[in-house]
Amino acid sequence: MIQGIPLEHFLIVSTIMFFIGVCGFIIRRNLITMLMAIELILNSVNINFVVFNRYLYPDQLQGQFFSLFVVGIAAAEASVAIALIINIYRNMKNIEVENVNEMKY
Amino acid sequence: MNVLMFYLFSGIILIFSLLSITTRRILRAAVYLLFVLVATSGLYFMLKYQFMAAVQLTLYAGGIVVLIIFSILLTHHITHRFKHPNLTKLLMGIGATTVGIGLVITTILSHSFKAGTAPELPVDMTVIGNQLLSTGKNGYILPFELISILLLAAMIAAIVIAKKENNKNSEI
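The listed protein sequences correspond, in order, to chains A and B. Just so we're aligned, residue 16 is where the first sequence starts under this note's numbering, counting upward by one. Just so we're aligned, residue 47 is where the second sequence starts under this note's numbering, counting upward by one.
Simulated from the structure, these hints should not be mistaken for lab results. Computed from a prediction, not measured in an experiment: that's the story for all the values here. Only true hints are included.
Using 20 Å as the maximum straight-line C-alpha spacing, the simulated PhoX-like pairs for lysine-lysine come out as follows: (1) Lys-108(A) x Lys-209(B); (2) Lys-210(B) x Lys-108(A); (3) Lys-108(A) x Lys-129(B).
Generate the whole structure from the sequences, applying the supplied hints.
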């Protein structure tokens, strides 16, 4: 546990970061920037896991392991999403969400 | 000192995540995201989870950001600027964000967390390796195996999706 910093301050930082990610997901219209907003959301959730682990259950490691798994899932998701984005770009020359509205080749 | 570092890291996280969703140049957005991820790994170092911080640095800051920057360079012109988002969408986003932040922060502050009193477990590589692959108490082998299957599936899927279509004439 860290002296002088209450648990709530970590939670407030990660909450604000989470909702900045949600806001970015709503206002951005480009596939890659939406992917970056998702990375922000996953990252804030990781901070929550690790902080709860350190402050509330310092004798166990659940939070650390599950944030490790979340990082792995984020990596898999980013690789598949970027493969899809590059394929969409190859077919439509464009990755704005408004223009990608047909599912046929 | 600790407190100062914490507020420095949280300031970096908040400012650069806000910049990363509002800047009009996409490459700058990726670089701001990199700053956010590095500051997050600084928070993990403060909490004394060195392994988690190293994973964050190598996988997120080293892997995913480089992947994103490559895909930006493949799909965008370097001087491309975004249009401003239209007003209704902007208002909707800001409204949802402020309502959500207010709701969650009031909930957090009204709840009293009971700090754990158990002695701290030293997090070294032996403990992590043993717990990650043990089947007994405090063992995490089932999620570990699930993640490995998921990673294999994602790798195959990324290759299959991104590979070029074969010409029908060139087959056989």
